[in-house]
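Fit chains B, C, D and E to the supplied structure of chain A, relying on the hints for placement.
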Amino acid sequence: MNSGRIYKLQHFIPWTRKKIYYLIVISAIPTILYYFFELKWLAIPWVPVALVGTATAFIAGFRNTQTYNRLWEARQIWGAIVNNSRTWGILVKDMVRDTEVGAEKSLHRDLIYRHFAWLTALRFQLRESRGWENVKTKSYNREYLNYYKVPEWEGSLAEELQNYVTADELEYILKKKNKAAQILALQSARLRDLNQQGKINDLNYVEMQALLKELYDQQGKNERIKNFPYPRQFASINVMFVYLLSIVLPLGFLSEFAKISANCVWFTIPISVIVGWVFFTLEQVGESSENPFEGSANDVPITSMSRAIEIDLRDMLGEENLPEPLVANTNNILM
Amino acid sequence: MNSGRIYKLQHFIPWTRKKIYYLIVISAIPTILYYFFELKWLAIPWVPVALVGTATAFIAGFRNTQTYNRLWEARQIWGAIVNNSRTWGILVKDMVRDTEVGAEKSLHRDLIYRHFAWLTALRFQLRESRGWENVKTKSYNREYLNYYKVPEWEGSLAEELQNYVTADELEYILKKKNKAAQILALQSARLRDLNQQGKINDLNYVEMQALLKELYDQQGKNERIKNFPYPRQFASINVMFVYLLSIVLPLGFLSEFAKISANCVWFTIPISVIVGWVFFTLEQVGESSENPFEGSANDVPITSMSRAIEIDLRDMLGEENLPEPLVANTNNILM
Amino acid sequence: MNSGRIYKLQHFIPWTRKKIYYLIVISAIPTILYYFFELKWLAIPWVPVALVGTATAFIAGFRNTQTYNRLWEARQIWGAIVNNSRTWGILVKDMVRDTEVGAEKSLHRDLIYRHFAWLTALRFQLRESRGWENVKTKSYNREYLNYYKVPEWEGSLAEELQNYVTADELEYILKKKNKAAQILALQSARLRDLNQQGKINDLNYVEMQALLKELYDQQGKNERIKNFPYPRQFASINVMFVYLLSIVLPLGFLSEFAKISANCVWFTIPISVIVGWVFFTLEQVGESSENPFEGSANDVPITSMSRAIEIDLRDMLGEENLPEPLVANTNNILM
Amino acid sequence: MNSGRIYKLQHFIPWTRKKIYYLIVISAIPTILYYFFELKWLAIPWVPVALVGTATAFIAGFRNTQTYNRLWEARQIWGAIVNNSRTWGILVKDMVRDTEVGAEKSLHRDLIYRHFAWLTALRFQLRESRGWENVKTKSYNREYLNYYKVPEWEGSLAEELQNYVTADELEYILKKKNKAAQILALQSARLRDLNQQGKINDLNYVEMQALLKELYDQQGKNERIKNFPYPRQFASINVMFVYLLSIVLPLGFLSEFAKISANCVWFTIPISVIVGWVFFTLEQVGESSENPFEGSANDVPITSMSRAIEIDLRDMLGEENLPEPLVANTNNILM
Amino acid sequence: MNSGRIYKLQHFIPWTRKKIYYLIVISAIPTILYYFFELKWLAIPWVPVALVGTATAFIAGFRNTQTYNRLWEARQIWGAIVNNSRTWGILVKDMVRDTEVGAEKSLHRDLIYRHFAWLTALRFQLRESRGWENVKTKSYNREYLNYYKVPEWEGSLAEELQNYVTADELEYILKKKNKAAQILALQSARLRDLNQQGKINDLNYVEMQALLKELYDQQGKNERIKNFPYPRQFASINVMFVYLLSIVLPLGFLSEFAKISANCVWFTIPISVIVGWVFFTLEQVGESSENPFEGSANDVPITSMSRAIEIDLRDMLGEENLPEPLVANTNNILM
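Chains as they are written, first to last, in the UniProt record's numbering: chain A, 1 to 335; chain B, 1 to 335; chain C, 1 to 335; chain D, 1 to 335; chain E, 1 to 335.
The shape of chain A in the complex, shown without the other chains (with noise of 0.2 Å):
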């Protein structure tokens, strides 16, 4: 996430150079056509130029609003887990009581970092690579991965663990094929050996228990973003019709600028390269936001996240030196 005011001009132009370079060389071969080899024909009449617009503006103002809604229901997630995070820790804290006060306040330490377990596995498992996602395979994106650092792609799993669970479950949760999920499962079956053991009441287990099932609920609608992509079929129409349009746009112009003198058609070119400009430019903010977990400058918070949950959980235990909140880099972006 880009915690500053604004992306400044001088970064948008180069991370959308070489579609500018590509407008200048789709504007310039017609202009050059029409103007040395008098193809008069390319100048085409602006009508059908202008419904090839309209219909384009309209998929990128669709695929804009679905990327939104994307990127602002990861971070609802995400916001829902930070919520219930706080809730698991005054359950723990509150319903699981044991008479002596040492061996209460272990348990409690045990279940929390178990959640904090989970909340590393699951970040991690975000912040795996999909064959949809663009961070990696675009130029202009892997250029922008100098400005700052994925902290899934710098650690191991296995190493940020080990903070949390002991080493056999640590053992034991490698093996599985969905950490998160069997972290979750852990858990569960800790709860149940409690209950078992008079430490959680039955009524205050249901509770528990139900809370589990939200964080199940939350890993799930993290992974649906995740694994389904917005669909194929309309991201492929949306990059056809811009290109479409860069090709028509130049055409139109021709004629245009024809009707006021001969020389005027070389402004086809800067005028064909401004507008294309905006649309390739929507177009490819609406693709770099599409993805929110795949660890480019959009993408939700949910390192810093994940730390801001367990400074609160600590706090809460009543532990000394807590972490430090992540902040921002100098380029204002925050994984």
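Hint data in this document are derived by calculation from the structure and do not stem from the laboratory. None of these values were measured; they are calculated from a predicted model. The reader is advised that the hints may include incorrect statements.
It does not matter which identical chain is meant; a pair holds if it fits inside one copy or across any two.
Below, a list of computed lysine-lysine pairs in the DSSO-like style, where the Cα atoms sit at most 30 Å apart [what the hints assert, rightly or not]: (1) 226 <-> 18; (2) 259 <-> 19; (3) 149 <-> 40; (4) 226 <-> 176; (5) 8 <-> 179; (6) 19 <-> 149; (7) 136 <-> 176; (8) 226 <-> 8; (9) 105 <-> 259; (10) 40 <-> 138; (11) 19 <-> 8; (12) 8 <-> 136; (13) 259 <-> 199; (14) 175 <-> 149.
For chains B, C, D and E alone, coordinates are given in the frame of chain A:
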């Protein structure tokens, strides 16, 4: 679901080629009549065409929005099925309790495998055909069926179910009208037995029963999307307006090109085809995303999701040799 | 609900023919005045017409969106009724317990058949007529009523109810104002008795009562859509703007065609009819989808859904000779 | 709420006549200056007007969408109040139990009649006036107030409440700030007493208390819509843009009509009025639907809905001589 | 929140005056160059400007929709806080029971006053500043800050909290990172004590704990809106496109006015300013509604809502001399 980056133009063009042929014919007719037979009145002013174009763009946009919503909701429902299946796993494992470990394990396996039976019956029901679906009736979709297989059309429900339930239960289920609904009723009857035997206490029994309620909700939501198409009156005006637009488009272009020169009217044909193709493609993409369970390449991948649930739950049961996850085929189609 | 692929043009044209006659007249008048009486000032510039057209397209789009939402919500509510009915089935079967098998079966049947009574009363109430509904007041809709039958207008509530409740209860229900609401109150009273007799334990009693609450919610949501029309102020501007557009359209076309040649002004009539027909059709389709329980061909198919519920629950009770599901008639209309 | 088919044009025209007068003046001024004083520069090109028109149409569309959402949400909340009221009825009747039939009936009546008191206090609070409401401040709305009566402005809260609560309670309620909120607190106190007396068991007590929570939710949602207007910054730009459009419209039409002939510029006036009227009507309809509890003809009919609830619950109590439902008056207005 | 009827034009114009100055300059430059230096090529055809205008209008519309949604959701969350606060009131009063009346009253007061502490800490946290907020960084917003005061910027958290909690608790709270979250944890710890002392029975304890969960949900939703801005990539293209439009607008108008006469090109300046102002105003209104807790005049009025909750709950406790509600200041601003 297409799990690649994009549909290639070389797939789109053949897939939409019948519309292109049609557009060539429908725009060639008035052009020929105009040019050779001097039916000058065929060239109508642009403004009515623009108005019809705007209305059609709106209608197409509206349809795409609703179509996308249907697809996304279908995926949400299956996401919820994933979540509830995992919750079913932990509830069964930790709320169904027996003093004898082996007996307990067998109870758990029974309840979890019957859940797989429900998933199987549900996806077979969802992949049946309906009168308004397009995948088998439209020639371009039938052609595309060569690129992938629909597992529910290849396999047999009875055969797959016998992996999950006893022969007696299988016979019972196969006699029922709505098999999936009756499998959940069997689960409910089983829970009652276990509750009466004291293997599920009263509070936990209520929780597990509540989960069955949620599974009925998800099944019913699936059936709603399956059995209630995008309303045919809206679909109908969509088709009619696009065809109407394709008829008036060349008439409008005729007058625009005639302004340039007499020979230029021949450009009416390629430009009508390009602009018309944009609208027909929008329409055809909308149509082929409308029914997310019809067996099309854009379906929600319910077969692979069911498999993923099976893997997770059997992993939770501690089974070895788990089945492999289903992956996209070479054409990037995941069912 | 139309369960076919599409409404045929040969249905749409007769259904909208009055609007077509009107459009012929309204565009012929200014054309005749212009041509024969030389009222040249009737030909106004195109730009005001375009602006009115845009505003009308927006308003029509807005209405169609809301209309679709009403229809879709109505279907969602009935989907929820299906789900809750099945849940009612399993709760009754597994939570109402009697040591004597025969007595238990009879209790189950009683509670489940009274649920059918509720469904019946509800659908009769929903198919009553309201002042703003269109199916009986608009001639084109009355004509269309020949193509299908509305079961609730053919049958009698009392007759159908007697299949599900005792004569005493029937008499009691028929005296009540809101029969469906009072049938649920009867269910509630019955649950209380069974709870006091110990046939439903306290925890299960609360669950079953909670389901009655949900059924009240669904009934009330149905009544909301039934009793609160698409706001008449919005419906009114819709109608006014479409008629206003139909008046200014030919005036704008006159000037456009007059630019070509004097005789060409006669094209004003067919073109006005075509463009006007697009807007009137949008409006008429919106109008006839507005009230999803009015007995129109586009209704939510509540009769067949009620029948499907009856089949499922009687199948669950283990009954033989289940009723047949209702299917679409030869005109593809399913009620 | 208007329960008729449509607002007649003969109501709309007087209701919007001030805007029409204004439009005549604002378009006559530049026309006169142009024609008689030859201020030719007043005729500006059409394109800036089109751009302002598009932006205004968007803004008007946005407002109507949000306004509609406010109205529809208000109706949903009241639908939920209806549903919860019926549920309150069955919970009271079947969960509040006394061994003595007469005493039990009296307990039921007490709790249900106090619910009517809450409904009454709530609707009086909702029909108070707010600074941003339009029904009393705009002359065209004041005129329209002759066509119907707002019951909460005619009656007295104290008088109506005494039908439902004892004199002591009435005095207590009238001293409170938020009367509706404190009536629910009274209900809660009553439930506590009954729980402590053993007339509501612990499980049922929790359910009934949960319903009070829902009633607080619905009351609060009502207050949200009542107390938080459509944001004034958005409302403000709406008004400003429509007036700006009304000023530039005639300037743009002047140049279009001047192209035809000098005398034709007089058509600027009627055409500006027609097009301007479309936008002002959109704006005025939006404005008068914005606040669904202000006492306008487009209000949610909360008085008649409260009456309907009273009828249903008294019918449930088995009372005779139920009150009559409220119906729309001769002008089709239902409050 | 502005609680008046409308923002006056005399407020809007100064508030947007910098944009007006900018527009004068940006349109004067090409006009001067065109007129005096005869750079005729500066006059570009209208069509590219129209296309950029359409895309910008779409983007501005999209932003306003999302901005409105953020504001409205913020208000919904605070509505839910109001509702849950009242429910907290009745749960405390009727579920926390002590045989001794005075002791019970004191327990109730303690739990309800600590709730006020939570509200106070929450609103102080929400009114802190973030890097992307505009109220303090944009000169036009800083100017507007003279018209009202933000109570959380004037007061001190510690001082206000001491009205609600003991000195010990105050010290504990002030040491914590997320004070509001830890106050709820204190409530939870208190409930546990009361449950263990038998002053809240087990069933009621679960209900009260569930309400704390909901309060965490609302706090977290607030933090989501506070900490996750309208995505900066979308905000950025908004700003860029509006500025781009403001640059090309006068170029397009130049050619339109030049068609009329050479001197008419001077109209480019006022018309560019008017049309550009519409788009800049849309943008600026969107920007200043984006962050509903930043201390702007358009904020959700969380200070007065917190006061209203305090009044209601103290009224419920039966306290005399309740505080006065906060009302809008003379500039109609309610915080």
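Reference check for the pair residue 19 and residue 8, CA-CA at most 30 Å: within, between, both, or neither? both (18 Å within a copy, 19 Å between copies)
Given identical chains, is residue 226 near residue 8, meaning Cα to Cα at most 30 Å, within a copy, between copies, both, or neither? Answer is both: 29 Å inside a copy and 23 Å across each meet the 30 Å cutoff.
Under a CA distance limit of 30 Å, which applies to residue 259 and residue 19: within one copy, between copies, both, or neither? This pair counts as within: shortest intra-copy Cα distance 28 Å, inter-copy 34 Å.
Intra- versus inter-subunit Cα pairing at 30 Å for residue 149 with residue 40: neither (52 Å within a copy, 50 Å between copies)
At most 30 Å between CA atoms: does that hold for residue 8 and residue 136 within a copy, between copies, both, or neither? Both: 22 Å inside a chain and 20 Å across chains, each within 30 Å.
Up to 30 Å CA-CA - residue 138 versus residue 40, copy category: neither (37 Å within a copy, 41 Å between copies)
Checking an output row: residue 19 and residue 149, CA cutoff 30 Å. Within, between, both or neither? within (26 Å within a copy, 38 Å between copies)
Status of residue 149 relative to residue 175 across identical chains (alpha carbons, at most 30 Å): Close inside one copy (28 Å), not across copies (32 Å); limit 30 Å.
What label fits residue 8 with residue 179 when the C-alpha limit is 30 Å: within, between, both, or neither? neither (40 Å within a copy, 35 Å between copies)
When Cα atoms must be at most 30 Å apart, do residue 105 and residue 259 count as within-copy, between-copy, both, or neither? neither (83 Å within a copy, 84 Å between copies)
Is the C-alpha distance from residue 226 to residue 176 at most 30 Å within one copy, between copies, in both cases, or in neither? within (20 Å within a copy, 35 Å between copies)
At most 30 Å between C-alpha atoms: does residue 259 with residue 199 qualify within a copy, between copies, both, or neither? neither (87 Å within a copy, 87 Å between copies)
Of the hints listed earlier, those the structure fails to meet are numbers 3, 5, 9, 10 and 13, in rising order.
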